[in-house]
Every structure is written in C-alpha cells, then in structure tokens.
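*Asks:* Sequence:
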Amino acid sequence: MGGSLSRPSLRKRRGSIDESNRRSSGLLVDASRRGNVSILPEQVASLSQVTLVLRQNGLGACNFILGIDFSKGNEWSGRRSYGGRCLHAPSSDFRQYNPYEQVLDPLCRALRVFGSRNAAPCYGFGDQVTTDSSVFTFLGGRDCILGLPYEGIQARYRGIVPHVVLSGPTSFAPIIHQSLAIVNETGEFHVLFIVATGHLTMSSEETHEELNVNEQKTIDAINLASHFPLSIVIVGVGDGPWDRIKQYKRFLHDRKFDNVHFVDYQKLAAKFTALCKRQAQFALDALMKLPEQYRAIKRLGYLEAGPFKFGFTVPEVDVCPLPQSGDQPEQEQGPPSPVPVTSSLCDGDTAFYRPSEPAIPSNELDESPIGKKTRTETSSFDTRRSSELLEELVYGVREDCIEPRASLTPEEELVKLQEELLCCICEEKRKNLVFQCGHETCDTCAVPLKECPTCRQPIQIRIKRFA
1 MGGSLSRPSL RKRRGSIDES NRRSSGLLVD ASRRGNVSIL PEQVASLSQV
51 TLVLRQNGLG ACNFILGIDF SKGNEWSGRR SYGGRCLHAP SSDFRQYNPY
101 EQVLDPLCRA LRVFGSRNAA PCYGFGDQVT TDSSVFTFLG GRDCILGLPY
151 EGIQARYRGI VPHVVLSGPT SFAPIIHQSL AIVNETGEFH VLFIVATGHL
201 TMSSEETHEE LNVNEQKTID AINLASHFPL SIVIVGVGDG PWDRIKQYKR
251 FLHDRKFDNV HFVDYQKLAA KFTALCKRQA QFALDALMKL PEQYRAIKRL
301 GYLEAGPFKF GFTVPEVDVC PLPQSGDQPE QEQGPPSPVP VTSSLCDGDT
351 AFYRPSEPAI PSNELDESPI GKKTRTETSS FDTRRSSELL EELVYGVRED
401 CIEPRASLTP EEELVKLQEE LLCCICEEKR KNLVFQCGHE TCDTCAVPLK
451 ECPTCRQPIQ IRIKRFA
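Residue 447 in the working numbering is what sits at position 447 of the sequence shown, and the numbering runs on without skipping anything.
Calculated directly from the structure, the hints in this document are not laboratory data.
Result set (SDA-like, lysine to any residue): computed pairs, CA atoms no more than 25 Å apart in a straight line: (1) K450 with Q436; (2) K431 with E420; (3) K464 with C423; (4) K249 with L211; (5) K271 with L52; (6) K429 with Q56.
Taking CB as the label site, the calculated pair distances span: (7) V434 with G58: 26 to 32 Å; (8) E420 with E316: 44 to 50 Å; (9) K429 with F312: 42 to 48 Å.
A quick note: this is a predicted structure, and the numbers were derived from the prediction, not measured.
Think of the CB as a built atom: it goes at the ideal place given N, C-alpha and C, for glycine as much as any other residue.
Given these sequences and hints, build the entire structure.
*Replies:* Structure representation (structure tokens):
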C-alpha cells in the first residue's frame with residue numbers, strides 16, 4: 001500500500017521520536033560513548049533531570065564523604081568572585097549563600113538521591129589545628145563515621161565557621177587518607193568531594209620545586225587511592241588560578257584507574273546565570289565521571305575484596321574533634337548567621353531562620369584544651385539519632401524569622417511544580433502514596449520498596465492519596 005511504512009522506516013521513525021522526546025526533556029544519552037554522559041547543557045532545567053540521565057548511565061547507590069578547605073587562602077581567593085571577602089564569610093544579604101554554600105546546596109540535594117545512606121561523614125582541613133597533617137570532624141564520637149544527614153550539612157557548616165581559625169600550610173593528603181580509612185574499613189564504594197580553593201601551600205623552610213612537599217603528598221595520596229574503591233571529585237571555589245591543580249595529571253603515573261575529577265565552580269557559575277540551570281549543570285559536572293569510574297572499580301575487582309583486603313596500608317590520620325569557641329578570638333565571634341533552609345523539592349525555594357543559640361553551645365565544649373591538637377572529645381550530638389539532629393538543624397524554623405522568598409521565573413516555577421508533583425523515582429507519575437516518614441512516591445514505584453528512597457527509613461505505613 002502506498003501509505004504504509006516498511007519495518008526499517010518504522011524503527012527509524014520511532015528512534016527519531018525517542019530522541020526528540022529526550023531532547024525536549026533536556027536529556028540526551030549517548031550510548032556510543034561507553035556509557036559516558038552526553039547532555040544538552042542549555043536544556044538542563046533541574047536536578048531531577050540530571051539524576052535521571054546519571055541513572056541511565058549506570059550510576060546507582062553510592063556512599064559519600066565531604067571535605068571542606070579552611071586554609072588561609074580563603075581570605076584572598078574571593079577578591080574578584082566574592083567582593084574581596086573571605087569565601088567562608090556569610091553573604092551580606094543573608095538570603096544568599098557564600099561560595100561554599102552555593103556548592104553544598106545543590107551537591108547535598110543531588111547526593112541524597114544516590115546516597116545509600118541518608119548521611120555523609122564531613123571533615124574540615126587546613127585550619128590552625130589541623131594544618132596539613134590532620135582533619136577535624138563536623139561531629140564527634142561514633143557520628144564521625146556515620147555522618148550528617150544531607151539536609152543538615154549546610155546548617156552544621158554555618159555553625160562551625162565562626163569557631164575555625166583559617167591557617168595552613170594545606171594538603172589534600174589527610175582528607176584523602178581519612179577517606180581511604182573509611183573505605184578500607186567498609187570495603188564499599190565511596191566518593192570523596194573536596195571543596196577547596198586549590199592552593200596547596202608549602203612550609204616556610206621549603207624551596208620552590210616542580211612539586212612542593214604538600215603537592216607531592218597529595219599526588220601520592222591520589223595514586224594510593226586508585227588501589228581502593230574511591231572516586232575523588234575536587235570542586236574549586238573562588239578566583240583560582242586552577243592551572244596548577246589541572247596539571248596534576250602529568251604526575252599521576254601510578255594510578256590503576258582515572259580516579260580524580262576537577263570542577264571549576266566559579267567558571268560554571270559565570271556561564272549559567274539562571275539558578276536552576278546553574279545548580280543542575282554543577283551537579284552534572286560533579287557526578288558525570290562516576291559511572292565510568294564505578295565500572296573501572298568493578299573491573300578491578302575492588303568491590304569483591306572486602307574490608308581490609310586491598311593489600312595496601314593506609315596512613316593513619318589524626319581526626320580532631322569539633323572546633324571550639326576558645327580557638328577563635330572573642331571579638332571575631334558574633335551571633336550565628338541565619339541559616340538558609342532549601343526545600344529538596346525546588347531549586348531556589350529558600351526560607352531562612354536565625355538560631356536562638358549558637359550552633360555549638362559553649363557548655364558543650366572543653367574550655368581548657370590540652371596540647372595543640374586536643375579538642376573536646378564529647379558532644380551532645382554523640383548520643384543523638386540522625387532524625388533528632390536533623391530536626392534541630394533543619395526543621396527548627398521560626399515564623400517570625402522567615403524572610404520573603406525570592407521570586408522565581410516562570411520556567412523555575414514550572415520546574416518547582418513538576419518536582420513537587422512527580423514521583424522522585426520514575427519522574428513520570430504523580431505522587432499518590434505517603435510513607436510514615438512523610439515522603440511520597442507513586443503507588444507503582446512503591447510496590448517493591450522496603451525503605452523510603454529519600455530518608456532510607458524502613459517502610460512501615462503506606463497511605464494512598466486520592467486526588
């Protein structure tokens with residue numbers, strides 16, 4: 001018949017329709033590139049689109065570790081990008097984030113989707129106590145390894161900042177070695193995110209060489225990490241320059257696989273002015289190498305090795321307790337800054353509150369430190385469950401402190417509406433089933449679930465909603 005189509009023509013037409021649908025949704029997966037992500041940046045509108053394309057490329061459940069740079073370089077790395085202020089300083093408009101918070105906000109929301117646990121160990125390094133030889137934990141006791149809930153990381157970071165004295169010299173080696181200790185103990189795949197200025201300094205008695213001592217330690221740590229199931233993502237904040245850190249690959253000759261990826265956040269932020277697109281593109285850039293690295297780790301057999309079976313000794317790292325108020329001069333401390341609390345449902349939908357008390361009450365901290373690296377080992381956070389900590393850090397919003405929300409563009413409003421209504425798993429059907437924790441999915445995706453995909457709580461109650 002003249003109007004009929006042959007089978008090859010039908011397949012070609014269907015393929016064109018499928019590609020058109022992917023393009024219209026902002027997603028285009030290039031299967032010919034061995035699973036690598038290929039996406040149209042100008043059409044990426046939300047974090048949900050990024051998580052979908054990463055899932056299509058094989059990224060599944062992961063464990064995450066976060067390291068934040070508190071070195072002296074933060075004081076001058078914001079001369080152009082942050083109005084000349086320290087990168088850790090709260091924004092003059094408290095409805096805005098400082099550069100570190102601009103990274104933490106979309107990163108934590110993206111990690112929550114892929115995290116096998118609803119928490120990540122968080123560490124700081126490069127301050128007056130840790131310098132280039134150790135790290136400090138955002139929490140004490142057993143929570144040091146269990147980590148902070150993703151929803152509470154930003155608030156905890158903002159509570160810690162006033163108590164940290166920026167210093168140096170700086171090295172990424174301690175945070176990498178501490179991450180390797182966690183990986184060695186668990187035997188599981190982890191991803192380390194290092195958010196830093198990128199200035200790896202040398203001690204005053206050292207001379208300028210092709211690689212200074214701290215750079216060499218970092219290179220050695222990255223090489224060692226390639227023998228473990230650990231991927232490393234370095235996120236650069238501030239003015240840079242980043243030429244030095246981009247040149248590290250010239251010295252990484254002994255790696256078993258390409259285990260490190262660098263993202264220049266300031267360059268990306270300058271390119272994408274719309275908040276939704278900037279956050280989505282950053283999440284994509286930060287996570288896009290993980291599927292390929294995960295496949296390399298499986299190919300090398302690391303996931304079958306088991307705890308303490310990797311054949312390499314991990315250098316021991318001192319993990320210092322929380323910074324205490326005595327570490328910071330009295331005049332430099334002030335009332336805690338208002339903490340932005342960003343909804344996980346919408347890019348840019350932000351409310352604010354000002355804690356009535358400091359995030360680290362002085363009565364929880366030892367006022368008589370012993371030795372250079374001694375901070376109190378006890379904290380009221382040690383015995384709290386994650387849910388209690390999350391309630392204090394995130395949901396303690398006081399109505400009298402809520403500021404008007406920033407206005408959204410029509411495109412951002414549409415993204416907000418879609419993410420509020422659609423199931424977070426299939427992203428096609430509307431949410432209509434509520435678990436006892438308050439999170440929702442569609443009834444179809446909920447059938448095989450034993451744990452909430454958002455908070456990982458065991459599902460005990462399922463309530464069907466009818467429109």
